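Colleague: Each chain, written out:
There are 2 protein chains.
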Amino acid sequence: MIEMPLIVQKYGGTSISDTVRIKKIADRIINKYNKGNKMVVVVSAMGDTTDRLIKLMNELSSNPDPREVDMLLTTGEQVSIALLSMAVQAKGYKAVSLTGSQVRIETDDRHNKAEIMNINNSRIFEELEEDKIVVIAGFQGINSRNDFTTLGRGGSDTTAVALAASLGADRCEIYSDVDGIYTTDPRVVSEAQKIDNISYDEMLELASLGAKVLHPRSVELAKAYSIELFIGSSFNNQAGTTVGGINRMEKRNNVTGVTHDKDEVKISIEQVPDQPGIAGKLFSYLAECGINVDMIIQNLQHNNKNDITFTINHEDLKKGKEHILAAVEVIGAGNMEVDTAVAKVSIVGAGMISTPGIAARMFSILGQEKINIQMITTSDIKISCLIREEEADRAVQALHHELL
Amino acid sequence: MIEMPLIVQKYGGTSISDTVRIKKIADRIINKYNKGNKMVVVVSAMGDTTDRLIKLMNELSSNPDPREVDMLLTTGEQVSIALLSMAVQAKGYKAVSLTGSQVRIETDDRHNKAEIMNINNSRIFEELEEDKIVVIAGFQGINSRNDFTTLGRGGSDTTAVALAASLGADRCEIYSDVDGIYTTDPRVVSEAQKIDNISYDEMLELASLGAKVLHPRSVELAKAYSIELFIGSSFNNQAGTTVGGINRMEKRNNVTGVTHDKDEVKISIEQVPDQPGIAGKLFSYLAECGINVDMIIQNLQHNNKNDITFTINHEDLKKGKEHILAAVEVIGAGNMEVDTAVAKVSIVGAGMISTPGIAARMFSILGQEKINIQMITTSDIKISCLIREEEADRAVQALHHELL
Chain A
55 MIEMPLIVQK YGGTSISDTV RIKKIADRII NKYNKGNKMV VVVSAMGDTT DRLIKLMNEL
115 SSNPDPREVD MLLTTGEQVS IALLSMAVQA KGYKAVSLTG SQVRIETDDR HNKAEIMNIN
175 NSRIFEELEE DKIVVIAGFQ GINSRNDFTT LGRGGSDTTA VALAASLGAD RCEIYSDVDG
235 IYTTDPRVVS EAQKIDNISY DEMLELASLG AKVLHPRSVE LAKAYSIELF IGSSFNNQAG
295 TTVGGINRME KRNNVTGVTH DKDEVKISIE QVPDQPGIAG KLFSYLAECG INVDMIIQNL
355 QHNNKNDITF TINHEDLKKG KEHILAAVEV IGAGNMEVDT AVAKVSIVGA GMISTPGIAA
415 RMFSILGQEK INIQMITTSD IKISCLIREE EADRAVQALH HELL
Chain B
55 MIEMPLIVQK YGGTSISDTV RIKKIADRII NKYNKGNKMV VVVSAMGDTT DRLIKLMNEL
115 SSNPDPREVD MLLTTGEQVS IALLSMAVQA KGYKAVSLTG SQVRIETDDR HNKAEIMNIN
175 NSRIFEELEE DKIVVIAGFQ GINSRNDFTT LGRGGSDTTA VALAASLGAD RCEIYSDVDG
235 IYTTDPRVVS EAQKIDNISY DEMLELASLG AKVLHPRSVE LAKAYSIELF IGSSFNNQAG
295 TTVGGINRME KRNNVTGVTH DKDEVKISIE QVPDQPGIAG KLFSYLAECG INVDMIIQNL
355 QHNNKNDITF TINHEDLKKG KEHILAAVEV IGAGNMEVDT AVAKVSIVGA GMISTPGIAA
415 RMFSILGQEK INIQMITTSD IKISCLIREE EADRAVQALH HELL
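Chains as they are written, first to last, in the working numbering: chain A, 55 to 458; chain B, 55 to 458.
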């Protein structure tokens with residue numbers, strides 16, 4: 055007996071924003087089904103459903119109970135799965151919709167940002183056995199008390215990848231209104247090219263740096279379970295980007311992409327006493343306050359005092375500024391300076407850092423453009439420079455032009 | 055230890071059609087809670103939510119799978135319970151929402167028209183123990199396969215009554231935009247008066263005859279479990295109507311109400327062979343075809359042939375006309391005549407039929423109005439006459455004026 059391949063597909067809210075689009079998605083699913091695949095399809099809430107529900111919620115409460123927020127928002131995907139199943143059935147195919155609670159996508163108790171603990175496959179396999187196209191609500195699960203939970207940002211992508219891992223799927227396809235991963239933001243650099251293949255780590259760096267196609271969380275999950283992801287547009291049939299499916303041995307020293315992130319704030323704390331563990335104390339405190347620190351540099355000054363400079367995002371500055379000021383006082387540091395007009399530009403590529411001179415080349419290109427580098431961080435697959443925000447687009451253009 | 059009284063309330067879709075109304079309903083619930091009651095609140099979908107979902111559904115399928123219809127429609131009440139819980143919480147009170155599946159309102163498998171088999175009280179009692187106001191989705195349940203079901207017409211009322219029975223509630227209050235049961239339709243007869251107390255059986259006759267305040271199904275359930283129902287408006291605090299809470303021994307011969315039903319079609323089948331069991335054969339066949347027969351009369355003619363006349367509603371005529379024609383052929387009858395311009399007027403009152411002369415008075419009143427009676431049926435608490443449709447309002451006015 056030959057096993058039919060099992061494909062997990064995920065369609066975002068824009069792909070199913072109205073019934074005309076839902077019918078087109080039904081056609082796409084049926085097309086793959088007719089080629090001899092078992093189909094499990096994950097969908098988000100339709101178009102602006104979530105915004106509409108949140109508007110109602112805000113009219114009632116400024117600080118709604120996270121459990122009730124999940125009760126409210128999980129209806130969005132439930133509407134989608136019912137309608138998509140009906141659309142598939144109307145074309146003469148068998149389909150069944152399942153909510154997160156029906157599948158039993160078991161999560162922890164953290165409403166609005168739950169993590170998947172376990173997926174029960176039995177109902178899905180039962181339905182697949184009956185040749186049905188199985189349509190599953192993304193973004194949602196159920197906790198140990200049978201209360202509905204949501205997975206937070208990137209939730210539907212995460213549902214799709216987790217299902218692919220749990221079901222042992224042969225392929226996981228993530229469809230949105232973007233037709234793949236590009237070497238840089240096409241709105242900034244017209245020469246930007248679609249990337250055919252990219253490693254998990256490169257994708258992680260690109261995603262977290264601003265290429266908002268796939269949430270890092272779902273990429274991490276895909277990497278952990280070696281699930282190859284296909285990223286494509288639901289509006290056309292062009293080839294997209296495959297994530298994690300290639301062996302990069304032959305081309306390790308290429309730059310894969312150039313990104314920038316304008317959501318950076320530079321915080322400089324001056325005259326931090328040079329005591330062992332003081333930096334640890336500072337950053338532990340910030341972590342406890344939920345402030346996510348990105349780049350960090352520390353310079354020892356002559357007077358046995360340090361300057362510590364780091365970056366956070368604008369949201370964390372807004373909600374955490376008092377915590378940072380308190381931290382400065384506790385560690386006995388001097389003045390604090392905040393600069394919100396900065397941006398980070400990065401080049402990403404698997405094993406790139408081992409290529410001699412790649413960092414130097416990046417700095418030279420920026421130097422030729424008379425762009426001053428304020429901070430530098432490097433990892434195995436990424437080199438990032440903090441520069442002035444108004445120079446970010448020009449920096450990305452120059453780096454992309456020279457390195458790709 | 056003194057047990058606090060437990061009240062089950064139900065609010066219909068009009069009562070929670072927007073967030074302004076939801077806040078008002080929250081106030082009403084909190085008001086009763088603050089008087090020392092445990093509160094379990096059943097709600098329907100908001101205002102026109104169901105219509106909006108059905109519109110989407112119709113754009114996708116002319117004949118949607120009933121299972122998927124239930125998957126779609128159950129989101130309506132889920133939105134309501136989340137929002138109402140948030141509204142209660144925003145006023146500083148503890149609340150929790152539960153869907154039919156979370157409570158485990160177990161039903162049979164008949165999607166779109168399921169019947170409740172069993173209700174699991176444990177989660178509700180747990181939440182009540184924590185002093186929470188418990189908000190439960192009406193109209194919905196779960197079958198043995200954990201698929202969502204809906205209860206069909208009158209579903210939310212039925213949920214409320216079933217919960218009141220299952221929880222052993224002290225009171226069951228059904229709120230809508232109507233402030234009680236009237237002696238007749240106030241739009242037809244300006245003298246119509248609100249009824250303070252009514253028996254289950256009278257309510258059943260009034261409800262099924264057209265006073266569309268409370269679905270007969272929920273009244274039957276209330277009768278079976280001796281649950282006293284309070285019917286009132288969610289828009290004011292006026293006294294409503296109590297159903298089933300009184301002993302009518304003293305006032306058995308009063309007429310309680312006058313109703314009319316214009317949704318009647320008279321079917322006359324002529325020259326039915328006078329064979330034993332032929333009427334049974336005819337009506338069994340119609341029942342199998344899902345055609346609901348209301349009034350029936352049969353006249354034996356001289357030639358050993360019968361005329362059989364019966365009434366059905368317009369919907370059943372539309373979908374069942376071919377079945378009826380087939381039946382006429384099978385039983386070897388003659389012609390069939392259909393008259394859609396008829397209406398049924400009825401007087402209802404507990405034990406009324408045992409009052410000598412009450413039927414005669416009804417016929418006299420109609421006679422004085424020169425209204426011809428085409429068919430008559432009687433039950434223990436109801437006398438109905440089929441008349442011409444255009445005379446129905448006049449008949450109701452005259453009967454109400456003379457008898458109430």
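These are computed hints drawn from the structure, not numbers from a lab.
Check before you lean on any hint, since a few could be wrong.
[Claimed, not checked] If you want a taste of the chain A side facing chain B, the calculated C-beta under 10 angstroms gives, among others:
#1 V74
#2 P118
#3 Q352
Quantities reported herein were computed from a predicted structural model and do not represent experimental measurements.
Here a beta-carbon is modelled for each residue, glycine too, at the ideal position from N, C-alpha and C.
Colleague: Sort out which numbered hints this structure fails and list those numbers smallest first.
Modeller: 3
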